[in-house]
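Enquirer: Under our numbering, think of the first position of the sequence shown as 2, with each following residue one higher.
None of these hints come from the bench; they were simulated from the model.
Predicted, not measured: the structure shown is a model, and the values here were computed from it.
The beta carbon of each residue, even a glycine, is placed where N, CA and C say it ideally should be.
Hints are not guaranteed to be accurate.
Keeping only pairs whose Cα atoms sit at most 20 angstroms apart, straight-line, the calculated PhoX-like set for lysine-lysine is [as the list claims (entries may be wrong)]:
#1 Lys29 / Lys42
#2 Lys128 / Lys67
#3 Lys18 / Lys8
#4 Lys8 / Lys153
#5 Lys29 / Lys153
#6 Lys18 / Lys29
Now the in silico label distances, taken between C-beta atoms and shown as ranges [as the list claims (entries may be wrong)]:
#7 Glu184 / Gln41: 36 to 42 angstroms
#8 Glu5 / Gln38: 47 to 53 angstroms
#9 Arg228 / Asn120: 39 to 45 angstroms
#10 Ser188 / Lys42: 43 to 49 angstroms
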Amino acid sequence: MQQEKFKQMSADLMALKESEFLAHNFNKNPIAQAHQQFNQKQITFFIQQWALIANRYITNLIQMEKTISPNGWEIVATIIQEIITDELSHHTQKTTHYETLGINFHNITASRATSVLFNNMDTAFCKEVSYIVGTLYATEAKAIEELLMLRKIILSLSKGNLSSTMHVFLDEPINKWKITHLEGLNSSIYKYLSPEDYGLFRLGFTDMILGLNAWWMNITTETLAQRETVEA
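Working from the sequences, and respecting the hints, build out all of it.
Expert: See below:
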């Protein structure tokens with residue numbers, strides 16, 4: 002019975018994501034709509050800021066696993082450990098997954114939009130476990146569509162001329178990891194989530210989606226402003 006209730010809630014949340022989340026819809030995403038006018042500096046700025054968030058997710062996962070483990074969410078904690086392993090290891094190229102982007106994260110400063118998102122992520126860890134797991138569920142649920150959309154943008158910007166490592170970065174998580182991650186969460190979260198926690202779980206999910214929407218809107222404004230600094 003509890004599994005069926007979770008399935009229904011999950012279906013409702015997936016429908017919400019499909020209708021509201023900007024990143025996966027090329028016709029709604031503000032970066033997708035503006036990217037053809039970007040110069041090289043703007044392209045670099047956007048990719049670096051997106052990569053900062055993707056890289057920060059690893060830190061968040063580590064904190065998340067530490068937070069939920071003492072609260073009895075053993076299977077979910079194990080899935081988080083598996084996600085961390087996938088994000089950190091890149092078996093094809095024998096290197097860290099995000100190193101295939103060719104970005105030195107130590108030399109990048111988070112923009113205002115990215116800093117606001119980071120602050121929101123940090124605040125989430127002060128809330129109930131069911132809320133935290135809701136943010137995890139949202140992040141994994143949106144990952145495939147976001148990577149597909151990002152891949153479409155990068156291919157358009159590069160005119161199809163991508164390095165082999167960049168192809169691996171964009172393709173491997175889509176083909177191997179993200180589907181498995183979400184399936185694992187679907188088969189385990191309901192075992193720990195009581196009906197009275199559904200509201201907090203849903204709130205964590207929607208807050209993450211809305212926070213990411215705000216980032217996509219604001220990062221577009223910041224990316225467009227990079228052209229003004231060049232022309233000035």
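Enquirer: A separate judgement is required for each hint: does it hold in the structure or not?
Expert: Now for the hints, and whether the structure bears them out:
1. Lys29 / Lys42: Not satisfied, since the Cα-Cα distance of roughly 23 angstroms exceeds 20 angstroms.
2. Lys128 / Lys67: Holds, because 14 angstroms separates the two Cα atoms, which is no more than 20 angstroms.
3. Lys18 / Lys8: Distance of about 15 angstroms is within 20 angstroms: holds.
4. Lys8 / Lys153: 31 angstroms, violated
5. Lys29 / Lys153: 14 angstroms, holds
6. Lys18 / Lys29: Given that 20 angstroms is the threshold and the Cα spacing comes to 13 angstroms, the pair holds.
7. Glu184 / Gln41: 36 to 42 angstroms: 39 angstroms, holds
8. Glu5 / Gln38: 47 to 53 angstroms: 48 angstroms, holds
9. Arg228 / Asn120: 39 to 45 angstroms: This hint is violated: roughly 27 angstroms between Cβ atoms.
10. Ser188 / Lys42: 43 to 49 angstroms: 45 angstroms, holds
Comparing the model with each numbered hint stated earlier shows that hints 1, 4 and 9 do not hold.
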